[in-house]
Amino acid sequence: MASKNKSPEQKQYEKLEQKHELKRPVLQNCVKAFFVGGTICLIGQAITYFYIYFFHFTEQTAGNPTVATMIFIAMLLTGFGVYDRIGQFAGAGSAVPITGFGNSVISAAIEHRTEGFVLGVGGNMFKLAGSVILFGVFSAFVVALIKTLLQIWGVI
Amino acid sequence: MLPMFFWAFVVGGLICVIGQIMFDVLKLTPGHTMSTLVVVGAILGGFGVYDPLIDFAGAGATIPITSFGNSLVNGALQEAEQHGLVGVLTGMFEITSSGISAAVVFGFIGALLFKPKG
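Sequences listed follow chains A and B, in order.
Taking the numbering used here, the leading residue of the first sequence gets 11, the next gets one more, and so forth.
Taking the numbering used here, the leading residue of the second sequence gets 81, the next gets one more, and so forth.
The reader is advised that the hints may include incorrect statements.
Stated by the list, open to error - To be clear about the criterion: a stretch of chain B counts as covered by chain A if any three or more of its residues have a C-beta under 8 angstroms from a C-beta of chain A, and this derived list gives those stretches:
no.	region
1	85–97
2	106–114
3	117–130
4	157–170
5	185–192
FYI, nobody ran anything at the bench for these hints, they're computed from the structure.
Values in this document were obtained by computation on a predicted structure and should not be read as measured data.
Ideal placement from N, C-alpha and C gives every residue a C-beta, glycine not left out.
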């Protein structure tokens, strides 16, 4: 995919491609993403209060069971094929919340079930979510390492 | 309680809009977008900016994937305070364990219960 040395035909084709490329309705998509993403967080807030009032979690610790519950809901919605439809409508609104992470794990697990439980489900479960875990863990490692070193050396 | 719901909705929605802009304007794939947001969350967590946002917006900040990066950093830093540098590795999943284990457990249960469609 060399981007520099393009033949005249390629350049011509690029122009043609740009002319026919569908303009994405960015504003409309953003509004959809805002409302769906906001609603998912609203549900999450309701679940957080549920855990605070009925199971005596504190505001700080209630995040953990909330995340687990949201992923459980994502499992049901993914299994019944509802989450994909929400995703088509909402774009990032359903992908950015933790339910989107759950959805990517669970849909990969269901999709590869025909290849067997060990090689199919086990091997492919983190096919999509793996990159999130990799970059999350590595960046967190670097950030925490730098901060800890600075604290040890007494800079901060 | 009501303002908390309001801010959860607004802040959570805005983070999703940022993701949508990365989809549409920067033309990133969902995988690239999620990875970038997690890294951003980890960096914000390192500067100590993300926790005040959680106090302010509740689930609006804990539900988006950025919170995953923040929790990883927080777990690592908590453990590092007690055990020094080794804690950065041992404490990494301290806080996020529920998300990862829930995804693994429910993913497997989902694969047992549901058959692929189409």
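Results for each hint:
1. 85–97: holds (count 11)
2. 106–114: holds (count 4)
3. 117–130: holds (count 8)
4. 157–170: holds (count 7)
5. 185–192: Coverage by chain A holds for the region 185–192 of chain B (6 residues, Cβ < 8 angstroms).
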